[in-house]
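Participant: One-letter residues, chain by chain:
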Amino acid sequence: MLKRIIPSLLLRGGRLVKGVAYADHRDAGRPDTTARAHNAQGADELLLLDVDAGRERREPDYASITSVARACFMPLTVGGGIHTLEIAQRCMNAGADKICLTTTALDDPGLIGRLAHVFGTQAIVIGLDVITTCAGRRLYDHRSAQAINGIAWDEWLKRAVGEGAGEVRLMAVDREGGRGGLDTALFAEASALVDVPIILEGGAGSLDQVAAAMKAGADAIALGTMLVFSDNNIFKVKSFLKNAGLEMRL
Amino acid sequence: MPETAESLTFDEHGVCSVCRQIEYKHKQIDWAERGRTLNQILDHHRGKQQYDCIVPFSGGKDSTFTLWYLVKVKKLKPLIVRFDHGFLRKTVQENSLRTFRTLGVDVQHFTPNWQVVRKLMFESLRRRGDFCWHCHTGIFSYPMWVAIWQRIPLVIWGEPTGEYASFYRYDEDEEVDERRFNAFVNLGINAEDMLGMLDDTISDYEVTASDLMPYTYPPADQLRGVRSILLGSYIPWDVKKQVELIKRELGWCGDQVEGVPPEYDYEKIECFMQGVRDYIKHLKRGFGRTTHLVSIDIRNNRKTREEGERLVAEYDGRRPAALDLFLDYLGLREEEFLKLIEPHVVAPHVMPSCEDCMRNRTNWVPTDFEDWTRVTGTRSNTP
Amino acid sequence: MQVAIVDYGAGNIESVRNAFHAAGAESAIAREPDAILAADRLVLPGVGAAGPAAERLVRNGLAEALKEAVRRRGRPMLGICLGMELLAERLLEFGEHRGLGWLPGEVVHLRDAGVTRARVPHMGWSVVEPAGPAVRFFQAPERMRTFYFCHSYTLLTAAAEAIAARTTYDKSLVAAVFDGTVLATQFHPEKSQVNGQKLIRAFLDWTP
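Residue numbers (my numbering), protein chains in the order written: chain A, 1 to 250; chain B, 1001 to 1383; chain C, 2001 to 2208.
Check before you lean on any hint, since a few could be wrong.
List time: in silico DMTMM-like cross-link candidates among lysine to aspartate or glutamate, alpha-carbon distance up to 25 Å [stated by the list, open to error]:
hint, chain 1, residue 1, chain 2, residue 2
1, B, Lys1339, A, Asp231
2, A, Lys236, B, Glu1172
3, C, Lys2198, B, Glu1012
4, C, Lys2171, A, Asp231
5, B, Lys1247, B, Asp1221
6, B, Lys1247, B, Glu1263
7, C, Lys2198, B, Glu1192
8, C, Lys2198, B, Glu1336
9, B, Lys1027, C, Glu2142
10, A, Lys242, B, Asp1011
11, B, Lys1284, A, Asp219
12, A, Lys242, B, Glu1263
13, C, Lys2067, A, Asp219
14, A, Lys236, B, Glu1012
15, C, Lys2198, B, Asp1356
16, A, Lys236, B, Glu1192
Simulated from the structure, these hints should not be mistaken for lab results.
From a predicted model like this one, the values you see are computed outputs, not experimental measurements.
All chains should be modelled from the sequences, with the hints used to inform the complete structure.
Facilitator: Take a look at the structure:
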């Protein structure tokens, strides 16, 4: 099984941004030209999230999605503020291959099934933002920047996949941007609960950390900080991982 | 070579991919066939208009050989395009002049806006731990614009990537195109990205999209019909022979480079910031150019391990004199510079402290040190 | 050369059009039988549920037009993902549905095809092994002959000679079929970077 390396891009105001724990954002480039670079470097997929669409109660930035899709000859997953079938359809028309639902699915769990029915389960990704503190693991709502207490993260994971999500994007919020390493324990817990592919994200700061997570079983890792604020190049990342004994598409 | 070198992979026999590529180059390529293909390409373009092709030129060993070969052996009439990164040295200028005058060619020089370059150097250093973004992107983008403006549909470069790295191998069709530009040349940053990333840390000079044109790869539809190839795809690249040849035919001379023993005088001589580049590499990875060069010699039985280690101890990782100029150009203090490098250090290496760095200064300066410009172009912030 | 991409409400036409554009071919979108008949070359993409998609194709007269253009008049067709699954006789997804029936066989869930030790959907890049005359479409691959897969269902067919390529995902699965003037892939060439571009180019250059 070839492992996947997926750049994770956050969209804001027509530009890409990157920060720490969903805050303190710095400019990370123009969406389409950055996508072009990732495409040339052999990224396996691309994840594009419109961070503010939900919070600002507006539709996603379709123009940016379109420009990124044109540069992307690998699958593009789009997320952020997708709360109706019509919006999802517009995202697909703009060039998305998969739709990622995070807080919109929490608000309306039936949305998952409605979209899966039209686009197929393989096109629906459930995004789980999980924050781990000494109080344990909880779901996190990035709109309010607070942990969610109404439902346990693992119950929600099972429910969402049951509703028709074909893939999971598992983000360890407390690790994001911190370069402290990926949460492989969280991954292990999640992968024991569901049968669909899981993309792990949050905390990758060094090649060793990515290798460790993959050796611990993660098949797909999303990278944000590592690609934006250092001289890592996806080809170099994959060469390192291959040399570490992992099966990479190179 | 330590594991912090990149793009190489090791196969099941522990042989690195570059070695495999070189094996392939020597054993599996029908160079006669490649030579015929090159002739077909060149015949197609020769004599059709004012210039047969563009040769991007730095004055280093590769572009000098490439130019010599195309003019003397292939009888082409090229337009030379020379991108001035800001740090050209006396020897390379003299070499270039000798080459141009001996061969007889038209040359177009381009020196980009220094105020823009300063800001690009800083941002590139901050984000990538490599201050040469303007140079990497300018060298590969600017000649493509000239190809468009002058309607010259053939651009010929020199050395294939497979000689030293594995971004492209010898069994792949490498062309110097946008894909290659994005695959590794531009450090993953396009001019359109850089525009939003620049801030006023270095100066308040307002950079616009058109200021970044020299670093912007032209759009695909404007480059339709332009072919951008490597001479090394069609003739077997042999650096040693080529250096001997240009010394003999064009009086090309080597030069001292900071941070490497004087005997390695044939590469990286075009830029007086090379020492700073190599110093940064050492800070990040714990090894520098001397280790790299000496390893090649050890592998080829030209040096013993002991000799190699002695040279590494003497030359690798010393703080170069050029760093003083670099800091002045950007208005940075040494601690600030080191702080910018710190996040880019590659595990398991640990960067030395500021005091240790300052103490480990080089004990000689290259002969042209006084010629390196001290003009910093620092703007005052008052209108 | 007129390339037409069939739009029957089953997914991402834009990616396909974009990929064909990058490969040097402009394409039209075909929503009506006439548009299908007018084309020199056809592309049948598709993602999502196979049964309803097949029914839409039949209801809109597109299935009949495709049969005429491709099976009778011999126009080349590239089927992608659903566009390969639909060629089968039976589609066993949410009950049983009829496919176009151009190939014997049925489409079943990966688990029913014996894929038990890997996650479903099959989502990611996989090495493809071509065989037979279809090898012409897989020339000069990148270092690894990988393509992008994104599916929960797979084709089971007794027509061994039509199987153009296989991939291993716990079990050996059909990655592509080649029958008459039809090349159809389970994987997405429009999402498979350089290998995908080369396959699209090979399809465009092919004169059956």
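Participant: Output the numbers, in ascending order, of every earlier hint that fails for this structure.
Facilitator: Those not satisfied are hints 3, 4, 5, 7, 8, 11, 12, 13 and 15.
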